[in-house]
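*Asks:* Whole structure, please, built from the sequences with the hints as guidance.
4 protein chains.
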Amino acid sequence: MSERVVLAYSGGLDTSCILKWLINKGFEVICYMGNIGQEEDFEQARKKALNIGASKVVIDDIQEDFVANYVWPAISYGLIYENRYLLGTSLARPCISVGLINCVKNNNASYVAHGATGKGNDQVRFELSCYTLLPDVKIIAPWRDEEFIAKFEGRQDLLKYAKENNIPVSVSPKAPWSMDANLMHISYESGILEKPDNEPPEDLFLMTQSPQFAPSQATRIEILFEKGKPSLIKLNDGRSFTLPVDILTVLNDIGGKNGVGRIDIVENRFLGLKSRGVYETPGATILHVAHTDLETFCLDKEVYRIKQSLRDRLSDYVYNGFWFSPEGIYTRRCLDFAAEQVEGTVKLEIFKGSVTVLGRSSNTSTYNEDLVSMDRHSTFSPQDATGFINIQALRLKEYHKSALKYI
Amino acid sequence: MSERVVLAYSGGLDTSCILKWLINKGFEVICYMGNIGQEEDFEQARKKALNIGASKVVIDDIQEDFVANYVWPAISYGLIYENRYLLGTSLARPCISVGLINCVKNNNASYVAHGATGKGNDQVRFELSCYTLLPDVKIIAPWRDEEFIAKFEGRQDLLKYAKENNIPVSVSPKAPWSMDANLMHISYESGILEKPDNEPPEDLFLMTQSPQFAPSQATRIEILFEKGKPSLIKLNDGRSFTLPVDILTVLNDIGGKNGVGRIDIVENRFLGLKSRGVYETPGATILHVAHTDLETFCLDKEVYRIKQSLRDRLSDYVYNGFWFSPEGIYTRRCLDFAAEQVEGTVKLEIFKGSVTVLGRSSNTSTYNEDLVSMDRHSTFSPQDATGFINIQALRLKEYHKSALKYI
Amino acid sequence: MSERVVLAYSGGLDTSCILKWLINKGFEVICYMGNIGQEEDFEQARKKALNIGASKVVIDDIQEDFVANYVWPAISYGLIYENRYLLGTSLARPCISVGLINCVKNNNASYVAHGATGKGNDQVRFELSCYTLLPDVKIIAPWRDEEFIAKFEGRQDLLKYAKENNIPVSVSPKAPWSMDANLMHISYESGILEKPDNEPPEDLFLMTQSPQFAPSQATRIEILFEKGKPSLIKLNDGRSFTLPVDILTVLNDIGGKNGVGRIDIVENRFLGLKSRGVYETPGATILHVAHTDLETFCLDKEVYRIKQSLRDRLSDYVYNGFWFSPEGIYTRRCLDFAAEQVEGTVKLEIFKGSVTVLGRSSNTSTYNEDLVSMDRHSTFSPQDATGFINIQALRLKEYHKSALKYI
Amino acid sequence: MSERVVLAYSGGLDTSCILKWLINKGFEVICYMGNIGQEEDFEQARKKALNIGASKVVIDDIQEDFVANYVWPAISYGLIYENRYLLGTSLARPCISVGLINCVKNNNASYVAHGATGKGNDQVRFELSCYTLLPDVKIIAPWRDEEFIAKFEGRQDLLKYAKENNIPVSVSPKAPWSMDANLMHISYESGILEKPDNEPPEDLFLMTQSPQFAPSQATRIEILFEKGKPSLIKLNDGRSFTLPVDILTVLNDIGGKNGVGRIDIVENRFLGLKSRGVYETPGATILHVAHTDLETFCLDKEVYRIKQSLRDRLSDYVYNGFWFSPEGIYTRRCLDFAAEQVEGTVKLEIFKGSVTVLGRSSNTSTYNEDLVSMDRHSTFSPQDATGFINIQALRLKEYHKSALKYI
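Chains as they are written, first to last, in full-length UniProt numbering: chain Z, 1 to 407; chain A, 1 to 407; chain V, 1 to 407; chain X, 1 to 407.
Among these hints, one or two may not hold up.
Given that identical chains are not distinguished, each listed pair holds provided it fits within a single copy or across any two copies.
What the hints assert, rightly or not - Once the Cα atoms are required to be at most 25 Å apart in a straight line, the calculated SDA-like pairs of lysine to any residue come out as:
id : residue 1 : residue 2
1  : K48       : A68
2  : K195      : H288
3  : K227      : I329
4  : K257      : Q217
5  : K401      : S378
Just so you know, these hints were derived from the structure itself, not from any lab.
*Replies:* And the structure:
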């Protein structure tokens, strides 16, 4: 009797070979495809999987869930890994894992299989998410399986296996890098990008055009946030959008045209390796800039600092695959609470790769024009500042007088 | 017998009136002008001060000190306030304070006077620096003096006082905002900027031109860092620079032409007020982007995280005026030590407001192309990742099984 | 027409003189006495205040509020200042401030007056609490009033003023230190304690007897916690208690007899001064030890670490008087959420100054005896540890091989 | 040709069986015994190992290194894991690893083998230390070896194997727990201690007697610290000690007699398991209390806070086995720098389980008796406190007035 596996299937060469290999090992395989906005002919992939021998193909449109429950919270928390990466892939993994585990449960399967490599982050993100959601699930990771990796030492072995097993192979030559795409971003790594001093070629980028070829006319928009999350965008042409997927799609379009959101970084993987990644994240970059602006406008100074330290922790948790961990859940709940006070509108200009804040307004800010004005005293007593400074100086003066000094 | 005051003199209306007012109160006043790269006719200011009655005018070229000992360390630490402000004014204050206190000591003075306002940060930065450097110094802050602020309620009172006292006044009308300039940046605040939703007018910016009018050809440069500090820049035309002031000046020129480094933010002042500031920091923004890239490339993953948390602390200390405090000195020493490992070259493209990293190289990075490559196993055993993930999952599974959950 | 002041009145010499002085300045003064468990003859104090000229005396029993809403949360958060001080006075101040401000509102007063000194923390705690609860309240702090401190340079001046104004003075000689008492603790400072090398005399302590004279038989108790707060104590004699004030009173009695909870420290005041304080906190020390034990037993490892960093922040906020600040409220809400999982029972032995944990049990702990046992493998695969360690070692090996090292 | 292994040998049943098993597998085995102060008949162990078939036995007295370079720094940093555990075992592991790796190098060996279990922390500490010190070393961990653990399922299998291989076995029955001892502490775990509600039996403790049976006369001592490390202890009988091993031995004796330093905790292991440990750490507990006191006396308030956060990080690093990691080295260097200012003397009383600070003195403290005194104003202006408080209140008042509140 065969055991049932749910395979995270992409339609590509790797997971097609894995599908066949699993079947050959006696498993019954259900292919799961989560639609999180990647460019993909899902119906063609379904046919391909069934032809190879999948017992079933589940195509799951999880775009709305992805944007509303992963991307929007990430924006509202200000998540950013090592100061630059907006976590587009990291956020997709727990969302897909929910789909995988639901598929496991609905189909009485025992296994999840995936095609993530053995040196990367995604294997960790998938598996930690799955183990948390269903502790008894068993996981098959062929790229860490001794037999599998002995058989498939390089791409040539996959192509040969595909040919032998009548698995159709794309005729277009493989790009000399790998990529991962969703509604939030596309990431590129490996291949020619492994040399960190190699400039990424212009034809690598699929979501954004080069700032060099972007319109010479700036685009202006307004973004409204409620509880830290985007709730409305207004374009200059009068159109406006409120649904999460619509907002992100439209901003991807605007950002993409204007060359916004490309980064090229060397990052620290969870496993301790340094790796080079190139990312394009047009829409979410616009949102991140706008939210960052509104947040300092709205949040209390000290709450902001606590929030930043929780953000830094959560950014690492999410990157490392701990979205559903106790610390992930706890931190998210604390940050949700801070986000309650981030409400208002940010005006932006987008132009040749740059996103510029032009102004902001909010009903939840403690900004007090009257109090801060240089032209009037308002309730402020300048003499109080003297006492404030003198007390701050007390400790410094004592230190200066002490026997031992750092200078 | 008169008491001797060293006045931080700018040549402008405010400090000229303060100079006269101090003289009228019976003080002997030495005017101190620190040249930190602001546009200023220092000789004309000297003449003006002597005409008003200053006993002496000291013009102190501290540009080299400012760049080498304040800006360069700040770049090497990655200092940034509330995620956006590169601290151009905050860094200048302790540098000028050293000049002021040296002037106090050299001239046997007892007082420092300054024209900083009573609601702002600069009064704190000047005074904490001065008190730390010379605990017994006395400070006169006219804008917190009851008598002075009763006399000078608005700009009209200053103009009237200037006229009565034969103090020459600039004929060009005052801009509807205030500004502070040095070799690193210009900051703008107050006046029409006090409405946080008002877009800053294009003619406000003096160091940068608008990205809209920037060259349509990108500029490429290379920056070499030693111990985290810029040590060499190479331009495409073959020129290269190594002296700190030269590097910053050239990068200001490149960044300024290409519209780099403008920000418009609402920030939290040390006194607890939220205030709106507009900044342009062309050269240091280029350096910040380059350094950020090299740092994640070179530093160990965990050292990087410790370093970031120290950076966040120091950014607040510097903003608040605690450069010379025990915690400021301690943090800087710890960060200097981390910076020892940040060495290498970053290639950049600068174009219409954007700074893009094109590649980086270093001899002190643990980046290992062979180890991270997707195409070969190197010393990496994929099976180890299985153990790693399973152990990480242990705690998560136990949590999932526990009686009480956060979800 | 007189203006109305609510005075935080203690019945002692200082606040009695302040009462008279305020009346002499034309104020109508309502005396407010918050009963937070200090030893005090409140009715005699009432009579005294009325005799001096108070228009009204409000005696407010806030013990229940103090224990339930300030001490219990502090225990559940694990609050501790600079690793040792359990914040007994700091917690009382916001609680009394609520009483003061209610009294202000109920009596249409405009002012709060208090007898806290100008160098201490309590002035800050009272005033920040009052200003937050009622931003328009005005505060009179005689010990910072130039006229008052010129008049009352030392204790002799107070005694003389008392005599002149028929204010009765205690016949017992003043101890050569000052103290502050409530249901949680007594603090001692100043006078002979100002020499940090002076051993506090044994007759200073009022809540605890010396461990030297404590019973030679240990006392055993059990404490049950719900949501991190003590909900039940069981004594060996069969008695048990559930009400907050009862629990704290009984534990003060047990701890006091057994010499528990004395500390002698030099601490950093908010104003930047270092000061020496001696504290005795018998009951809350027992609770702190028990809670610390249960918390590591119940909380997830990583949640515990986040919680500790929030605890450290909140300890400073509370010490500095920011209980009602945005950051205080935010941090408390985050910590309340973590405390939800801290439930169970701790067994303790109390003996001659020591509190020893004997065992603990909980339904919300992820402790898994089967999994951790050295005698069986359970679901644990030892081989996984190999992978875990090898992956952890990857980064360390790369570092060792890098060109530049810290060693 | 046989390959050479250095085995961390204890002389006990486990490592004796491992020794034989390695020999039977064809290895040449050198036994390494690090003397870090545990009670052990090293010469008898040497004979036993040679009889079993070790090619060589290296007995290495590393007590001085252990105390001077691991325990003393830990005291000066204030290291403590999860608020209670002083890291006695964690500190010994890197010290022993240096000995092991030196032995590997001196004897041209390729392997290190150890008898640490597969669920514990020590395997990680040994292996990460060894891999960092010598990245190419290979490690044999029999308790994670499939063949070995299949063969030795329980203690009976070890006893049987010992009998079959003429390995002498101790006649005294094994205690129903395991222990690890060194000059700093003894730890106890597993067996009957695995039930977290089981009280540890009195006969478990070997370094300390029960507070119940401790002398009824308190012991007074003085400890002098230089750069944060103990440099001199003075006893009441006139004796004094300066050498690290002497100081720790004498304090172990004093603490042991007086029942000091027992803790019973549930801790979070690096692998994510919660485990129960009982520890006795008499001398180092006395030092920890004294150092904690001196440190807040000497360090600047804000430096202290930075230092505490680095201490918390380093405590985790050390517990997890990262003493020699980049982050471990970096943090230690930062903390060394802070420790430079911790110099002075602490007077203590030790009595029936308690360590009480009686006073402290230092030449490097900024404590200023004149400034803090309640009896005189010194250079302090009470009016400054008014300004200080009013400025602190600004933000709180604005927050109170804002539209949205947390309360």
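*Asks:* Now tell me if each hint is right for this structure.
*Replies:* Status of the hints after comparison with the structure:
1. K48 - A68: neither (31 Å within a copy, 63 Å between copies)
2. K195 - H288: Only across copies: K195 and H288 sit 23 Å apart there, 29 Å inside one copy, limit 25 Å.
3. K227 - I329: both (18 Å within a copy, 18 Å between copies)
4. K257 - Q217: This pair counts as both: shortest intra-copy Cα distance 11 Å, inter-copy 19 Å.
5. K401 - S378: between (38 Å within a copy, 15 Å between copies)
Against the hints set out earlier in the document, a violation occurs for number 1 only.
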